[in-house]
Amino acid sequence: MRILVVEDDKDLNRQLVEMLSEAGYVVDTAYDGEEGHFLGSTEPYDAVVLDVGLPQMDGITILEEWRREGRIMPVLMLTARDRWSDKVAGIDAGADDYVAKPFHVEEVLARIRALIRRSSGLASSQINCGPLEFDTRTSKATVDGRTLKLTSLELRLLSYLLHNQGKIISRTELTEHLYDQDFDRDSNTIEVFVGRLRKKLGVDMIETVRGMGYRLQAADDED
Amino acid sequence: MKQSAAWATDCKQRMMKTDTLSFRLFLFTSLWMLFSLGVVAILVSQDYRRTVEKQFEDLITANLYNLMGSIKSDEQGMLLGKPSLGDSRYQKYKSGWYWSVSSLPQGKIILSSTSLAGQDLPTAVDVKYDAEYQRSYRLNDNAGNTLMAVEAQVFLGEGDNIFVFRTTGNLAVLAEEISNFRQRLILLLGVFGVGLVLTSLAIVRFGLKPIRLATGQLAKIRDGKANQIEGKFPREIAPLIEETNALIKSNQSIVERSRTQVGNLAHSLKTPLSVLSMEVKNLPAPLAKIVQTQLTAMNTQVQTYLNRAMISARHGTITSRADVNQTLERLVRTFNKLFRNVSFKMTSSNDEQLIFAGEQQDFEEILGNILENAGKSASANVEITARQIDANPKKLIELTILDDGPGLSKSEISYVLKRGNRLDENNPGTGLGLSIVSDILREYKGDLQINTAQSGGLRVVITLPAA
Numbered sequence: 261m262r263i264l265v266v267e268d269d270k271d272l273n274r275q276l277v278e279m280l281s282e283a284g285y286v287v288d289t290a291y292d293g294e295e296g297h298f299l300g301s302t303e304p305y306d307a308v309v310l311d312v313g314l315p316q317m318d319g320i321t322i323l324e325e326w327r328r329e330g331r332i333m334p335v336l337m338l339t340a341r342d343r344w345s346d347k348v349a350g351i352d353a354g355a356d357d358y359v360a361k362p363f364h365v366e367e368v369l370a371r372i373r374a375l376i377r378r379s380s381g382l383a384s385s386q387i388n389c390g391p392l393e394f395d396t397r398t399s400k401a402t403v404d405g406r407t408l409k410l411t412s413l414e415l416r417l418l419s420y421l422l423h424n425q426g427k428i429i430s431r432t433e434l435t436e437h438l439y440d441q442d443f444d445r446d447s448n449t450i451e452v453f454v455g456r457l458r459k460k461l462g463v464d465m466i467e468t469v470r471g472m473g474y475r476l477q478a479a480d481d482e483d
Numbered sequence: 519m520k521q522s523a524a525w526a527t528d529c530k531q532r533m534m535k536t537d538t539l540s541f542r543l544f545l546f547t548s549l550w551m552l553f554s555l556g557v558v559a560i561l562v563s564q565d566y567r568r569t570v571e572k573q574f575e576d577l578i579t580a581n582l583y584n585l586m587g588s589i590k591s592d593e594q595g596m597l598l599g600k601p602s603l604g605d606s607r608y609q610k611y612k613s614g615w616y617w618s619v620s621s622l623p624q625g626k627i628i629l630s631s632t633s634l635a636g637q638d639l640p641t642a643v644d645v646k647y648d649a650e651y652q653r654s655y656r657l658n659d660n661a662g663n664t665l666m667a668v669e670a671q672v673f674l675g676e677g678d679n680i681f682v683f684r685t686t687g688n689l690a691v692l693a694e695e696i697s698n699f700r701q702r703l704i705l706l707l708g709v710f711g712v713g714l715v716l717t718s719l720a721i722v723r724f725g726l727k728p729i730r731l732a733t734g735q736l737a738k739i740r741d742g743k744a745n746q747i748e749g750k751f752p753r754e755i756a757p758l759i760e761e762t763n764a765l766i767k768s769n770q771s772i773v774e775r776s777r778t779q780v781g782n783l784a785h786s787l788k789t790p791l792s793v794l795s796m797e798v799k800n801l802p803a804p805l806a807k808i809v810q811t812q813l814t815a816m817n818t819q820v821q822t823y824l825n826r827a828m829i830s831a832r833h834g835t836i837t838s839r840a841d842v843n844q845t846l847e848r849l850v851r852t853f854n855k856l857f858r859n860v861s862f863k864m865t866s867s868n869d870e871q872l873i874f875a876g877e878q879q880d881f882e883e884i885l886g887n888i889l890e891n892a893g894k895s896a897s898a899n900v901e902i903t904a905r906q907i908d909a910n911p912k913k914l915i916e917l918t919i920l921d922d923g924p925g926l927s928k929s930e931i932s933y934v935l936k937r938g939n940r941l942d943e944n945n946p947g948t949g950l951g952l953s954i955v956s957d958i959l960r961e962y963k964g965d966l967q968i969n970t971a972q973s974g975g976l977r978v979v980i981t982l983p984a985a
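Protein sequence lines, in the order shown, are assigned to chains E and L.
Take this note's numbering: the final residue in the first sequence is number 483, and no numbers are missing along the way.
Take this note's numbering: the final residue in the second sequence is number 985, and no numbers are missing along the way.
Extracted from the complex, chain L is given alone in its bound form:
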């Protein structure tokens, strides 16, 4: 049930998109097919009507010849004969099937079928006789039937006696037959049309499957679940896929290269800064102070902008993932080595693999700075907890770093969160740690909260996007 609902939504989403290649192909093939089927229906039904009408006219003409053959004239010009056309409809009252013989020029009916029952049927005025003095036309009888009439002028007997022989047939029969045919035709063509539309849909879906496949793979790459577009693609789009893969690769190497260059820049600027700051002690006092202040400012600037460059160099790169537990283990090992008097411990609340949706280096930078602060303020222990939280629709990683130091007051907390501010002026540092953390967190839309734990120590809670 759930599955079919999902399928329906999926279909709806796919069908509703009018700006797709599939839709265009589908729309144009379907429209063309429906148009052709319509034209075919019109042509076939017109042709059918012509054929049927011709057959009808032939029947009436045959009846006319039959009539003419069965009537003779005697020497006085009197008509003799009892025509029986072998069709009971000529007997039926006002059936629309009539025959009559009239004389010219008066037009008086001399003989007629029982069905005519004394009606005075109109005759066509503007329809010309052909070379054999024969013509056909349509007319209406008194009963409202539309009739087809075939008429012939014939010399009979001695002298110039001209008689007009006329047979008619009721066109209602024809109309019914044509309408039946048209219904059948529309039904058949309709079924055929639906079949064609479905076929074209299938063709479009099948034909464009590789493109959907590629789109899916690209989405995977964007989500960091793949590095390259993989799979076999048709010859037409294979070059495009290859080019895209090459582009992704070159993009990665460009990022890698700029990262190296940024690192090199850091190195090349910081060594001279070191040399200068060590030389300061040899300068006379007032100058030394100015130089030292400026050197510190320069270092702060270099540090800030290099960090920004490092973050933005990586931001938006296609693939980046970091295993939280592994990275934390590495950091804990490092910090236990750096801070001999503080024990760093890590607990992972659930066994599932936690994956940070970002660069490992950024993760290390965030945690490194926080753990360094924790290590400096802790008296013996720093605890790190990592867990995944489901904040619909996203998944987040929550990291809690708790130390057993003296903690900070609220005003102290807001003070340290400002760029460059430092509470502890005795230990070396730039005061940039937390602002670097904030910069990185902003890029990842993460969050940082600092408060004092019940135990009195400082608790830092970081939330980051999970993969």
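Excised from the complex, chain E in its bound form:
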């Protein structure tokens, strides 16, 4: 899961990045409105944390532009202006949720998780796929009750596949969502990670669709 953080305060930006990375997300970062707008318009993100008060271009304008351009990723608005009129304006501009400053770490994380889940059409924080169970809050994955020991990249890969169950996902898409923008993208490494994840899962759930990509689905769901 790849997240964009647009926040002009350097310390707060760093803290948000640290917190989200610790929680297993790949995080890109922007310090002003223009950069944030550009990244959001060009890169595929699973969620965006967007500050309202930004230099060069304010959060509301960025959001309106994204929605006009047809960018539908969930956006969590960070706002110091926490009068309801500000919140309503943000939601009207296309935000999916808001967090008022100052906030608790857990609150931002919980809301990001909820937004990603909602945008994948999932109702609870527990995602299941056949014998595989995944708790988005604790990032704990089990197969038939057996806890899997996964590296952070494997976790991200599994989480992304689970959030997009049944869909064919290309290597490029996986690369885009698992690595940040500065990563030297080599789709061969994806193959290596998919291989390792298959081994750790122990059940054949990740199908390779020749020439197109991968698909995660429970064995009995297959057509």
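What the hints contain is simulated information worked out from the structure, not anything from laboratory work.
Any given hint might turn out to be false.
[Said to hold, decoys possible] Now the in silico label distances, taken between C-beta atoms and shown as ranges:
1. Glu761(L) <-> Arg327(E): 41 to 47 angstroms
2. Thr398(E) <-> Lys913(L): 53 to 59 angstroms
3. Glu329(E) <-> Ser927(L): 49 to 55 angstroms
4. Glu325(E) <-> Pro983(L): 35 to 41 angstroms
5. Gly455(E) <-> Pro924(L): 47 to 53 angstroms
Here a beta-carbon is modelled for each residue, glycine too, at the ideal position from N, C-alpha and C.
Here the structure of chain E is known, so what remains is to put chain L in place on it, guided by the hints.
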């Protein structure tokens, strides 16, 4: 009927105000006009009296000459002649119209008119004769008439025989004529005066109409029905109107600017607070606790005072209006997005347009906080009802927010109404929501009531001033 009564009250209200420009102008022009008319009446009637008296004296003098011409003296000094003055009043008994001829120095009446009838009329002692030995004076006869007498001393016949010829006229005729004239004069001047007063009233009303117009427009602005004073004004007050409009505009922009600055202050304080509170987890436990407590306190303070500043920055501004239904629709849309598991519905009980007599932002702040609480406690539904109630003389908007959650007990309700108290410590929040609502409601003299509905959920009823 009703209209004329209203007009009468209106007039009364306008007429009774003694501290108005109209009243001053009206009072001073009217007083001056009435004073001048009074002076004119006195001068004209005095002048008239003088003229009439002169004419009267001339008549009596003419009669005297007539008398003197018709009487001659013979060689023995006996007076001859039968004067007929051609006026029947000299024949009428004690008519006040008399003539007599007497000799000096004894003063014995030798000849007299029939009307004198043997009366011994007094003669003036202290009135001097003029160069022609003639004089006039006033006297009273026995019948109580006030008379004007003209008298001349004449040498008649041989020797030093001096005779005094006297004719009199009754002044009552004159008094009556003068009084008639005065009555006519007063009547005419009175009518004229009333006309002038009415004219001055009309002039004042017409002349000061632009000022009344401007006052009316200002009242409209105060009631929020207009932004600027509009209309064409005379050259004398046009600059004043322009200045007032500029002042209103600058006032609005000052409010707007301070609002922006308050917002900026909020932003600039809250980001550092966020950074600090996120850094707390890296501190050793006892220190972390102190810092966290202090950060929370700081945030609460910032929040409270910023909200107060936002409210008072706007309070008393000239124009502020919010369309209730439109704003509610926007809020309902927002809350349906924020609370996916709760359905927010809004019903407006009547079709008429509801307008809140205040800032849209304040309306959103009140409803936002209440709806957020409702959304957190509801299990599936939140219903919002808006209606207008006529509480004479004011109009009010009543908003009812009903959720289908578990509701609150009476003690819980009084607990949540206290600043900073929170029932639900699991969800994030400052506990300031309801106290912010109360602060805003106080500014608008609104009302907030919380009770448990029959269905078991919580019902919040808010009343706000309607425009």
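Cross-check of the supplied hints:
1. Glu761(L) <-> Arg327(E): 41 to 47 angstroms: holds, 45 angstroms
2. Thr398(E) <-> Lys913(L): 53 to 59 angstroms: holds, 56 angstroms
3. Glu329(E) <-> Ser927(L): 49 to 55 angstroms: holds, 51 angstroms
4. Glu325(E) <-> Pro983(L): 35 to 41 angstroms: Given range 35 to 41 angstroms: holds, Cβ gap about 39 angstroms.
5. Gly455(E) <-> Pro924(L): 47 to 53 angstroms: holds, 52 angstroms
Of the numbered hints given earlier, the model fails none.
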